[in-house]
Amino acid sequence: MTPTPRPSPDLTRETDPAVRFDAVGLRYGRGPEILSDLSFDLPSGSFHFLTGPSGAGKSSLLRLIYRDRQPSRGLISLFGRDTALMPREDLPGLRRRIGVVFQDFRLLGHLSVFDNVALPLRVAGQARASYADDVADLLAWVGLGERLHALPASLSGGEQQRAAIARAVISRPDLLIADEPTGNVDPAMAHRLLRLFVELNRLGTTVLIASHDITLVRSLNAPVLELAEGRLVSKPKAA
Amino acid sequence: MSTQDKPRRTAPLLPPDHARDRPLFAVAAILVFLASLAALGAAGAWRASDGWTAQLAGELTVQLIAVDGRDADADAYLAAQQIARLPGVISADARSRADAEALLRPWLGPAGLPDDLPVPRLIAVRIDPENPPAPGAIETLLSDEPYEVAVDDHARWEAAVQQAAGAVRYFALALMGVLVLAAGAVITFAARASLAARWDVAEALHLVGAPDRYVTGIFQRRFFFLGLKAGLAGAVLAVGAGLALAEAGGAAGQAFFLPGLDIGWSAAAIPPVAALASALIAAGTARLAVGAELKARWP
Numbered sequence: 001m002t003p004t005p006r007p008s009p010d011l012t013r014e015t016d017p018a019v020r021f022d023a024v025g026l027r028y029g030r031g032p033e034i035l036s037d038l039s040f041d042l043p044s045g046s047f048h049f050l051t052g053p054s055g056a057g058k059s060s061l062l063r064l065i066y067r068d069r070q071p072s073r074g075l076i077s078l079f080g081r082d083t084a085l086m087p088r089e090d091l092p093g094l095r096r097r098i099g100v101v102f103q104d105f106r107l108l109g110h111l112s113v114f115d116n117v118a119l120p121l122r123v124a125g126q127a128r129a130s131y132a133d134d135v136a137d138l139l140a141w142v143g144l145g146e147r148l149h150a151l152p153a154s155l156s157g158g159e160q161q162r163a164a165i166a167r168a169v170i171s172r173p174d175l176l177i178a179d180e181p182t183g184n185v186d187p188a189m190a191h192r193l194l195r196l197f198v199e200l201n202r203l204g205t206t207v208l209i210a211s212h213d214i215t216l217v218r219s220l221n222a223p224v225l226e227l228a229e230g231r232l233v234s235k236p237k238a239a
Numbered sequence: 001m002s003t004q005d006k007p008r009r010t011a012p013l014l015p016p017d018h019a020r021d022r023p024l025f026a027v028a029a030i031l032v033f034l035a036s037l038a039a040l041g042a043a044g045a046w047r048a049s050d051g052w053t054a055q056l057a058g059e060l061t062v063q064l065i066a067v068d069g070r071d072a073d074a075d076a077y078l079a080a081q082q083i084a085r086l087p088g089v090i091s092a093d094a095r096s097r098a099d100a101e102a103l104l105r106p107w108l109g110p111a112g113l114p115d116d117l118p119v120p121r122l123i124a125v126r127i128d129p130e131n132p133p134a135p136g137a138i139e140t141l142l143s144d145e146p147y148e149v150a151v152d153d154h155a156r157w158e159a160a161v162q163q164a165a166g167a168v169r170y171f172a173l174a175l176m177g178v179l180v181l182a183a184g185a186v187i188t189f190a191a192r193a194s195l196a197a198r199w200d201v202a203e204a205l206h207l208v209g210a211p212d213r214y215v216t217g218i219f220q221r222r223f224f225f226l227g228l229k230a231g232l233a234g235a236v237l238a239v240g241a242g243l244a245l246a247e248a249g250g251a252a253g254q255a256f257f258l259p260g261l262d263i264g265w266s267a268a269a270i271p272p273v274a275a276l277a278s279a280l281i282a283a284g285t286a287r288l289a290v291g292a293e294l295k296a297r298w299p
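Just so you know, the protein sequences line up as chains A and B, in that order. Counted from 1, the first sequence has number 54 at position 54 by UniProt numbering; the numbering is strictly sequential. Counted from 1, the second sequence has number 131 at position 131 by UniProt numbering; the numbering is strictly sequential.
FYI, nobody ran anything at the bench for these hints, they're computed from the structure.
What follows is a set of in silico ranges between Cβ atoms, one per label pair, in the way DEER data are often shown: (1) 273(B) x 27(A): 52 to 58 Å; (2) 297(B) x 231(A): 27 to 33 Å; (3) 29(A) x 196(B): 18 to 24 Å; (4) 229(A) x 297(B): 27 to 33 Å; (5) 29(A) x 200(B): 22 to 28 Å; (6) 80(A) x 19(B): 43 to 49 Å.
Sample of chain A residues with no beta-carbon within 12 Å of chain B, all distances over it, derived: (7) 27; (8) 29; (9) 46; (10) 73; (11) 157; (12) 220.
Note that beta-carbon positions come from the ideal geometry of N, C-alpha and C, so glycine has one too.
Assemble the whole structure, with the sequences as input and the hints as a guide.
Laid out in structure tokens, this is it:
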């Protein structure tokens with residue numbers, strides 16, 4: 001794959017962070033707050049890790065970013081726009097700028113690996129001929145070049161994870177968020193996938209990786225947001 | 001990676017779900033079958049009513065009360081000749097005592113009527129419905145004759161027939177309306193069940209940036225074609241059943257004086273119209289149901 005830099009979208013000013021949280025809290029229903037007083041910025045083009053023990057709220061924080069949930073309080077802005085004020089019809093366009101690697105992969109069982117990875121491009125209205133080579137090349141790069149026709153159920157956990165990562169990055173998003181993206185792969189493949197994220201970041205994509213793998217986090221000299229019991233206990237001074 | 005290795009066809013985003021589609025197909029086909037039969041009934045009642053009222057409006061019956069000592073059959077024959085000359089009368093046919101006995105035979109049996117029983121004679125008068133004879137013209141014409149006459153212009157029958165036909169028509173239309181509502185409710189339920197079963201598809205599409213109309217469009221297409229096939233099957237079966245009923249009803253009608261179901265050529269339009277209507281209802285209700293679910297999940 002030979003990604004090319006994308007021009008900045010019109011609505012994003014250079015000074016706007018890709019993600020801004022300001023005193024954000026989240027509760028499900030009438031339950032207790034599971035995220036409290038989160039305030040941080042992810043500058044455009046930055047690379048961050050999000051760490052914390054299981055149950056700290058990492059996945060919930062990511063869900064707020066890709067707007068699967070709305071905060072109970074506080075303000076979240078993406079690419080300079082307050083997500084609470086965005087009209088509903090603008091949200092698909094926003095989501096197309098965000099690549100998400102889910103912890104549970106969320107591959108569609110009836111689609112081949114190729115069709116799963118091509119899904120964001122298909123939804124964006126691109127013709128199959130225009131993306132077929134890119135999809136095949138990317139799948140070859142993540143080691144699935146021989147499994148294009150395979151259904152997800154026939155893949156190992158690690159292979160499914162790589163397919164999910166390929167789907168998240170195929171459209172070269174402005175923001176990539178990944179929830180434990182190397183949890184099911186061996187160290188060599190984890191290192192290879194990390195290189196993919198770094199390469200995307202070098203081309204301008206803002207990257208946030210949630211992981212509790214300290215070895216992975218320490219392998220890069222990237223700033224870290226640390227969550228504990230729903231609160232940020234450390235964040236980089238620049239963020 | 002060679003181009004030959006890549007999948008050439010784009011897989012459908014919503015996989016076939018025969019286990020769920022078959023019962024829905026059957027229910028939708030049955031609803032369309034009943035709605036089409038109701039439509040056939042309404043159309044048949046409409047045409048029959050028109051026919052019956054036209055027939056009643058074009059006829060009069062003159063009853064000639066027999067007088068002792070006179071030849072009632074001859075009186076009826078002469079009266080018919082006089083009536084036939086009136087403006088607006090097309091023809092007038094006198095029925096003899098033998099004709100009257102023949103009409104009464106199904107009720108009174110082959111023994112016939114006692115000879116001394118005075119039997120009124122009937123004169124069947126065909127008139128021009130557009131230019132009928134003046135009211136009272138027949139009574140005036142025969143007022144000097146030694147017998148009495150009673151003219152029946154069938155007005156009360158015509159009103160009753162029109163009232164009965166109207167009731168049948170509107171009942172059939174109301175039945176169609178109820179069946180359409182039932183079809184909409186069933187398909188809404190099925191669309192929600194289908195979405196619940198394939199929520200993974202809706203969620204994956206939503207999260208990669210598909211607008212609601214993209215997601216609803218997939219379900220809408222599925223239900224459009226399901227409705228089209230079910231509608232066509234139900235309507236074709238209904239027309240077949242209608243033709244069989246018309247055939248059976250025609251034979252029974254001849255035997256028992258019952259009105260038959262009149263299936264016109266317009267029945268041929270029912271399958272395509274019903275199939276299209278069924279497809280549009282299915283697609284529309286699926287779109288609304290899925291759209292509402294998406295808005296509820298991601299406000």
